[in-house]
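Listed below, chain by chain, are the residues.
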Amino acid sequence: MKKENLIKFYSNHRLYIFPVIVALSSLFLIIFVIYPQTLKLINNQRAIGDLMNKSRFLETKVAALESYDEKDLSRKVGFALATLPADKDFVNALGLLQQLAARSGFSINSISFGSTASKLGDSDSFKVNLEIRGAKSSFRTLINNLESSRRLMRISSIDISSSQTSQALDVALAAEVLYSQLPQSFGGVDSPLPELSQKDEQLIAKLARLEETVSSPSATQSLPRGKSNPFE
Amino acid sequence: MAKISINLLPPEIINKELKKTKFYKIQFVGIAIILTMIFLASLTVALRILQSRNITEVQAKLTQTEQRVSDLKSTQASLFLLKNRLTVIDKYLEVSSQQSSTYKLIEKLIPPSVVVNTITINKSDEAVLLAMVPDAATLDNLVSGFTVKENNEGNNIRVSLESLNRGKDGFYRISFIIKRL
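As they're listed, the protein sequences go chains A and B.
Numbering follows the UniProt record's numbering, with no gaps: position 213 of the first sequence is 213.
Numbering follows the UniProt record's numbering, with no gaps: position 151 of the second sequence is 151.
I should point out that these hints are in silico values taken from the structure, not numbers from a laboratory.
A portion of the hints provided could be inaccurate.
Unchecked claim - Simulated DEER-style distance windows between Cβ atoms:
#1 A:Asp87 - B:Ala60: 39 to 49 Å
#2 B:Ile31 - A:Gly49: 30 to 40 Å
#3 A:Arg75 - B:Asn151: 46 to 56 Å
#4 B:Thr63 - A:Glu70: 20 to 30 Å
#5 B:Asn7 - A:Glu4: 30 to 40 Å
#6 B:Lys73 - A:Leu94: 28 to 38 Å
#7 A:Ala135 - B:Gly170: 21 to 31 Å
Said to hold, decoys possible - Here are some, though not all, of the chain B residues that point toward chain A, as calculated from beta-carbon distances under 8 Å:
#8 Asn54
#9 Gln76
#10 Leu82
Said to hold, decoys possible - Covered by chain B, according to a simulated footprint, are these stretches of chain A (three or more residues, beta-carbon under 8 Å):
#11 20-34
#12 38-48
#13 55-69
#14 148-154
#15 202-209
Ideal placement from N, C-alpha and C gives every residue a C-beta, glycine not left out.
Generate coordinates for the entire structure from the input sequences, incorporating the hints supplied.
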């Protein structure tokens, strides 16, 4: 009885009921299936694009990293760390200062190291006070040698006194010897790789030449060895 | 002669037939809409499944590449360290400090006949010179060497005279401060 009523009701109003059912079903499909799926499709497509870009970037990075010879890179890092070490390395600085003074024709009366560290740009530095004596004509060479030495140094004060008769100078020189702590981070997996420019390569070659100058036997021989007769 | 057509069907039957035709049309359109919606829904779901598979593949590839980068971590660290050091070294190596450039300038500008007793260049790049000058003309040359731009390589130099006296030997003893501005 009830079913017959329903059928009769539908037959009478099917012109309206059918379109309503179609509209509701379509709306249901749109709201719960088509719209969310399309939205996810678009978002995922974007995510795929990002992943592909990242993958391409990492592939390039791997290729770039593989192109470096690890031994050669370590050698270059060695040159750079010799010029700008991670710690104060007083012994190295002392040896180098003695060597540079001797090479420039100066004799060292005293060397003292400042205990406090100061900042020079992004780097740290410590002070070295030198009391030296040498020819007037060689002082410029000494300055140039100090400022282009294997270890980074900056002259911070100069005190020169000379007598009227002699060609010798008594110099009190203060220099800032630079060092810099190792960076905290060496870049993550997806951080861009720094590139070594032509200028950087030239600088490395210069550092290598400086290193060779220091380690060459002639340079080592020029180190002051002290008095031949200590009782003189 | 024009034909005469007469519809003898009762209007109830005509109305019923018209309603039926209208319903069939609506039914056709409705079914077409439903089928289109089902097709679109299936299409999006299928595409999503394909896309998920694609994402998994890309992610696997990415993980593999990330692993390769991690394996080369030491090379990357060396490169970062090298670049970091080179940036600082480039800034200072063979670049004269203010004090040494001031000394070089003084050395260049002092006439050969002038005897310099002391040169003190302090941290703030202020130079104090104590010198002996043989005559007034040289003294004039000495001061103008520092102050005239054509002579001093275009530097702006302030010269402050601290003392000037003439000794029995005829030499002028001069003490002055030089500051590059």
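Point to revise | Interface hint outcome for Leu82 (chain B) [beta carbon to chain A under 8 Å] | key: Status holds, d = 5 Å.
**Study point:** Arg75 (chain A) paired with Asn151 (chain B), Cβ distance criterion 46 to 56 Å
**Key:** Once the Cβ atoms are compared, 47 Å apart, the range 46 to 56 Å for Asn151 (chain B) and Arg75 (chain A) holds.
**Study point:** Assessment of proposed distance window 39 to 49 Å (beta carbons of Asp87 (chain A), Ala60 (chain B))
**Key:** Since the Cβ atoms of Asp87 (chain A) and Ala60 (chain B) sit about 44 Å apart, the hinted range of 39 to 49 Å holds.
Exercise for review: Indicate whether the distance between the beta carbons of Ile31 (chain B) and Gly49 (chain A) respects the range 30 to 40 Å.
Suggested key: holds (38 Å)
Practice item. Against chain A, run the beta carbon of Gln76 (chain B) and see if the smallest gap drops under 8 Å. Key: Since chain A brings a Cβ to about 6 Å from Gln76 (chain B), closer than 8 Å, the hint holds.
Review point. Would you say the stretch 202-209 of chain A counts as covered by chain B, given the rule of at least 3 residues with C-beta under 8 Å?
Key: holds (count 4)
**Study point:** Whether chain B covers the stretch 148-154 of chain A (at least 3 residues having a Cβ closer than 8 Å to its Cβ atoms)
**Key:** holds (count 3)
Exercise for review: Please test the hint of 28 to 38 Å on the beta carbon pair from Lys73 (chain B) and Leu94 (chain A).
Suggested key: This hint holds: roughly 36 Å between Cβ atoms.
Check your understanding: So does Ala135 (chain A) sit 21 to 31 Å from Gly170 (chain B), Cβ to Cβ?
Key -> Given about 28 Å between the Cβ atoms, the range holds.
**Study point:** Range agreement (Cβ of Glu70 (chain A) with Cβ of Thr63 (chain B), hint 20 to 30 Å)
**Key:** For Thr63 (chain B) and Glu70 (chain A) the Cβ distance comes to about 24 Å; the hint holds.
Check your understanding: Taking a Cβ-to-Cβ distance below 8 Å as contact, does the stretch 38-48 of chain A have at least three residues touching chain B?
Key -> holds (count 7)
Exercise for review: Three residues minimum, CB to CB under 8 Å: does the stretch 55-69 of chain A make the cut for coverage by chain B? Let me know.
Suggested key: With 8 residues in contact (Cβ-Cβ under 8 Å with chain B), the coverage given for the stretch 55-69 of chain A holds.
Hint compliance for this structure: no hint is broken.
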